[in-house]
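> The chain contents come next:
2 protein chains.
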Amino acid sequence: MLNMRSSSDLTTRARIRNAALELFGIHGAGQVSIRAIADAAGVSPALVVHHFESKEGLRRACDAYVTGLIRGEEDDDPLQYPAELAALLRDSVPVRRYLARAFLDGSADAAAIFDGFVEVTQTWLEEGRHDGTVRPTDDPRARAALYVAWQLAPLVFDTHLARVLGLNDPYEPDSTLRIMRAGLHMLTHGVFADGHALAAWTTAQAEEDSA
Amino acid sequence: MLNMRSSSDLTTRARIRNAALELFGIHGAGQVSIRAIADAAGVSPALVVHHFESKEGLRRACDAYVTGLIRGEEDDDPLQYPAELAALLRDSVPVRRYLARAFLDGSADAAAIFDGFVEVTQTWLEEGRHDGTVRPTDDPRARAALYVAWQLAPLVFDTHLARVLGLNDPYEPDSTLRIMRAGLHMLTHGVFADGHALAAWTTAQAEEDSA
DNA sequence: CAGCATGCTAAACGATTGTTCAGCCTGCTT
DNA sequence: AAGCAGGCTGAACAATCGTTTAGCATGCTG
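Residue numbers (the numbering used here), protein chains in the order written: chain A, 490 to 700; chain B, 490 to 700.
By construction, these hints were calculated from the structure, which means they are not laboratory data.
These figures come from a predicted structure and were not determined experimentally.
Keep in mind that a hint or two might mislead.
Identical chains blur together in the list; that is why a pair holds if it fits in one copy or across any two.
Stated by the list, open to error - Straight-line alpha carbon distances no greater than 20 Å define the calculated SDA-like cross-link-like pairs of lysine to any residue that follow: (1) 544 - 519; (2) 544 - 501; (3) 544 - 520; (4) 544 - 522; (5) 544 - 598; (6) 544 - 516; (7) 544 - 595; (8) 544 - 554.
With these hints in hand, go ahead and build the complete structure from the sequences.
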């Protein structure tokens with residue numbers, strides 16, 4: 490039944506999907522042809538269609554694969570454990586890039602993933618607030634949403650962050666660690682020492698309202 | 490010399506560029522054909538090439554246009570004034586989308602823009618530190634870089650943020666304002682009440698080092 | 001007035017695209 | 001042994017792609 494004619498231990502179908510995931514993530518789905526994917530996977534273009542019906546089907550399969558990775562193996566799981574999730578996004582560069590593009594392209598799966606992140610984050614922050622480890626806020630929803638967007642920002646801007654930090658490889662651990670440390674520092678001690686920024690924004694807002 | 494045969498007050502060349510900017514921003518350059526741009530601008534496909542030499546040239550022109558908007562009219566300006574810049578990114582949806590994609594696609598102009606943002610932000614934060622309005626940090630570079638990435642995050646995730654906040658239109662002012670307020674709150678008062686998050690990360694880091 | 005550059009179009013070019021088709025090979029089943 | 005299902009390929013399909021060409025119209029310049 491199983492025809493393992495490749496040297497890899499992966500199914501041919503999986504190899505095609507992985508190749509597509511990587512190329513889609515790097516160049517965007519529109520810039521990648523079925524032939525390029527077939528070449529990268531070492532198969533014929535016809536086989537790609539044979540396994541995934543169409544290019545759209547292949548893109549959906551990539552979406553489903555990434556969604557599965559993030560949701561975890563069990564279907565009833567809303568989300569992976571945060572630690573495993575962080576490790577996943579840290580280690581797999583193709584998944585990072587694909588996800589970043591999916592968020593921008595507005596795919597339904599990416600939207601569901603984002604919503605899941607926000608839900609988990611909001612309850613987590615709420616729990617921390619009860620414990621006293623997280624500061625209260627008058628807009629928990631907006632805070633959770635923005636917190637998620639901020640956590641995902643390095644996923645989109647990793648190239649630029651690494652370049653600004655003077656690192657050649659955007660994916661060497663040092664870059665990620667420095668960024669994480671700086672982020673935790675900002676979210677723990679804050680950036681603005683007093684309420685001047687908030688006040689300035691409030692007054693600017695009032696002026697705009699009156700205008 | 491000037492042949493204004495269109496009802497608009499824009500040059501035909503500018504209309505083509507604007508159409509390209511919008512379509513590129515929405516779908517990505519690879520998904521948009523010259524014919525689609527020509528249709529949107531109300532001209533023939535050949536005219537697009539006539540004005541911009543090639544599709545790549547059109548993409549470069551869009552890059553240059555956005556760069557010009559951000560840098561300001563004068564060439565010696567490193568960057569627009571923050572207020573005008575914020576207004577620009579707030580009001581022009583096509584520019585937002587185009588920029589977001591440019592950051593992800595890793596265009597050279599987008600990289601230069603990001604670097605400029607970081608430079609301005611870092612000196613601005615440094616000044617604030619001297620004034621006492623900004624808290625000190627042991628990694629000013631990483632903080633400035635991440636600050637920029639966080640400020641740009643809504644540009645990429647605006648659709649998702651608006652959806653999570655229960656708003657239909659991602660670009661109605663309410664969405665932006667709520668997000669800005671939440672962000673300022675997080676950067677002023679912090680999110681974590683004590684050093685537990687930083688400490689947890691430090692110990693996890695130590696474990697990983699020893700492993 | 002002629003001459004010429006410029007804005008612009010219609011038509012067509014070859015290349016590449018996603019997709020289909022006919023058929024080969026392999027391994028399992030009966 | 002016969003037959004069949006499935007992985008897989010090469011060749012070809014029509015459509016669309018970016019680009020080129022020839023030519024029309026306009027308006028400036030000599």
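> Can you give the numbers of the hints that this structure goes against, from lowest to highest?
Violated hints: none; all satisfied.
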